[in-house]
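Residue numbers (this note's numbering), protein chains in the order written: chain B, 830 to 1072; chain F, 830 to 1072; chain V, 830 to 1072; chain S, 830 to 1072.
Take every hint as true, because none was put in to throw you off.
Which copy is meant is left open, because identical chains are indistinguishable; a pair holds if it fits in one copy or across any two.
Each computed SDA-like pair below joins lysine to any residue, with the alpha-carbon atoms no more than 20 Å apart: (1) 939 x 910; (2) 1065 x 949; (3) 1065 x 946; (4) 1065 x 1004; (5) 939 x 878; (6) 939 x 1014; (7) 844 x 859; (8) 935 x 877; (9) 939 x 911; (10) 939 x 909; (11) 1037 x 977; (12) 1055 x 1041; (13) 1055 x 922; (14) 1065 x 950; (15) 1065 x 956; (16) 935 x 906; (17) 939 x 904; (18) 939 x 908; (19) 953 x 851; (20) 1037 x 1055; (21) 867 x 970; (22) 935 x 910.
In case anyone wonders, no lab produced these hints; they're calculated from the structure.
4 protein chains.
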Amino acid sequence: MPIRVTVWNEGRHEKKNATVAEIYPNGMHEAIASHLRKAGGLEIRTAVLDDAEHGLSEEVLSNTDVFTWWGHLAHKDVDDRIVDRVHERVLAGAGIVVLHSGHMSKIFRKLMGTTCNLKWREEKNEREILWVTRPGHRIVAGIDDFFILPREEMYGEFFDVPEPQCTFLISSFGGGEVFRSGCTWTRGAGKVVYFRPGHETFPTYHDKNVLRVIENAIRWAAPNEKLPSIAFGNRKLGWMDSK
Amino acid sequence: MPIRVTVWNEGRHEKKNATVAEIYPNGMHEAIASHLRKAGGLEIRTAVLDDAEHGLSEEVLSNTDVFTWWGHLAHKDVDDRIVDRVHERVLAGAGIVVLHSGHMSKIFRKLMGTTCNLKWREEKNEREILWVTRPGHRIVAGIDDFFILPREEMYGEFFDVPEPQCTFLISSFGGGEVFRSGCTWTRGAGKVVYFRPGHETFPTYHDKNVLRVIENAIRWAAPNEKLPSIAFGNRKLGWMDSK
Amino acid sequence: MPIRVTVWNEGRHEKKNATVAEIYPNGMHEAIASHLRKAGGLEIRTAVLDDAEHGLSEEVLSNTDVFTWWGHLAHKDVDDRIVDRVHERVLAGAGIVVLHSGHMSKIFRKLMGTTCNLKWREEKNEREILWVTRPGHRIVAGIDDFFILPREEMYGEFFDVPEPQCTFLISSFGGGEVFRSGCTWTRGAGKVVYFRPGHETFPTYHDKNVLRVIENAIRWAAPNEKLPSIAFGNRKLGWMDSK
Amino acid sequence: MPIRVTVWNEGRHEKKNATVAEIYPNGMHEAIASHLRKAGGLEIRTAVLDDAEHGLSEEVLSNTDVFTWWGHLAHKDVDDRIVDRVHERVLAGAGIVVLHSGHMSKIFRKLMGTTCNLKWREEKNEREILWVTRPGHRIVAGIDDFFILPREEMYGEFFDVPEPQCTFLISSFGGGEVFRSGCTWTRGAGKVVYFRPGHETFPTYHDKNVLRVIENAIRWAAPNEKLPSIAFGNRKLGWMDSK
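Bound conformation, chain B alone (with noise of 0.2 Å):
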């Protein structure tokens, strides 16, 4: 069975700003999901936040499997009954693979239980470094120990997140900061996985390291097969002599 992904974006960036239009012309959205249309085993959506209902409707959902989720300017403007639609979903089962300035998204800070705040410094040429600090994890098959992004935006710590289940990428800037870009996290019968890089006016989502992380995120992320059946509320005793 194809593990069903929807790839969510804000998607005005691209609309207002010609350098990210530039970049990236049909959405950054479309850079992300046709790099995982040619990956194998998954079945990729789209969707931004001027679709109707977010293009998160109910039945969206039902037929997500994992969301990859991007945006920044306009997270106010994503409406509360639909981040806790996603909210309800993952904790069902499903994966979320949060990216870049998506640290600040409502879903986000409402998995995480913080601020999710951050250091930040806009450059036009500033290296960024990302170390793997779990070989041998999912998400970093057929990464070296480290790669290398020519041009970023520098996030520093803190970072403002509950302590990560695993750690699997530390980023260094040339500034001189750092900053934890690969976490992971539980959430109920969900998995959440936080991945740095991707500020709109670089390239970052062309990448084929990025997209590697994006892509082997996802399948990492992905429920079983069968999502659980979850029981809570009154147990009369010796209920479980009746299963």
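Following the hints, position chains F, V and S against chain B.
Chains F, V and S only, in chain B's frame:
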């Protein structure tokens, strides 16, 4: 410097239910607070839901190092703005010790990012055995390798919380259920403890082991003398050199 | 590519004890292996203590992706050099699923860094109930929210292991004890699973839920197709630029 | 009650190397110990490899609450029986703060269960910046959101240790490498800290931030006043009722 503790209680069962009122004539908060007042190095205040601002004004919060939190029927009556206020205070470095049915409180769910739901059963005579799963932890100082509560409500797994940073107690119940009864997490600069026992119709908050764990948990969750100043936001290249 | 599994067993109880021999006429390893052979995508080999090099030659190791390990009375008879060999293979990326009394094996203790000791009791008719504490985890795929083994040996907390990265099962026993029966850790590039049930005098390795968990654990612990090359040692300034 | 600290040092570089002897005329242990002696509530003892029993007799151990450990060239000269003795003491509840090249010591590797290996480079003028990744943690009390060491040896990822329970510091180096420089783990009833800085040819143990972190780490790793009695072994049905 003493640790400044705010013992928070919903405080309604004690007014409505004769059994509860008999066990806790001054409220569960007073049973807990009166123990803590006799312990050294703690400065105790109590607050209940029906106080103005639930007893959790900005001024109270800025003078609170650790909260304890008991709620049950009226979680929804807690004002969202006050929940946000407590949440911010915890992320800034305060501790919070969530008790029993507080697992479904707005503040705990907001900190955890999950439903925090579970299985449960109320019986007149069900025994809970609490097993220490991290001897040497500050929170179980003075506790033997287990302790018994002759009558308690059952809480059973799956307990929908993020994987704890430390699980220090696991309970078994008469019906064969188990529960992670003592857990810790970090959120921002603050520490979160969940401690299970404390159903309102049993004299649990008069039990010396239970009181000891609560007292220990407060001491463990207390912040450093000075809260850290956490800096987020834009940083120019070379900003560190000017410090 | 199939996952190459080496099912390792001490294999002596089955020769010395008539009860055990009756339940497992071909050894516990064969009970496990015969289930795994019927599952898809696995390539199964067995090995026992009394084989040359305990059946764990360099060649076997370099063709093993995941080990399962059952030992009890003869932990001390396992050659330290072979323990070191398995240890290296796990750190390089292989998985290991340690079963029941394997908790005191040299390899498990070396991987954990602790005594791995516990409380125990052998009764003819003690019921174990295993509760799922991480629904959605690959290892409990297809398992309901609990399962029951009508007769098992009791293992009780404190179980002296490092805080697990994930606790997926917790057991309760007839005597009121509890135990973290399913746990995972990461060591180097490899994955470690502990799964409790399997006392030799009970038909535990004929139970479908137990076999399912073992099979799932193997799939979860399997390495990526290619083991990572992990580089340590001296690096000159600018070494990265030459890559 | 004061925390009883044993500051352990290999103590050979200081005798063989003029540069080291000039920076640390009484040994690195004395640089650390002299700071700790001025701090309140600590009782300080030092010990070096060439002392009888490496200065770690049974009597010293039973009067040590927290060890600090620096070693480098002579890890293999540390007697295995003494390593076992320290290991037991830590599992029983003592703390250990492993410093710099102590990452390859027998005791640290035994506690971790991994190779503890890493990348490294020695340059005359390489700057280390240490970033706080868990503000509010006891170990970084009084530390700003980063601090700088103008000259240090580089240590780079992958650092082969189990996923830390808490990562409180991450370093960046002039060459672009990163390293998890401050980490904690629990082993048995004891606490383990790794703190990176401290190459022998630089005056790192005269730096006030470094000394502060070491002092804080000792206070954090200190056991409860009374070590827990941890009970293992056979238990009859109903054993709890007789307590």
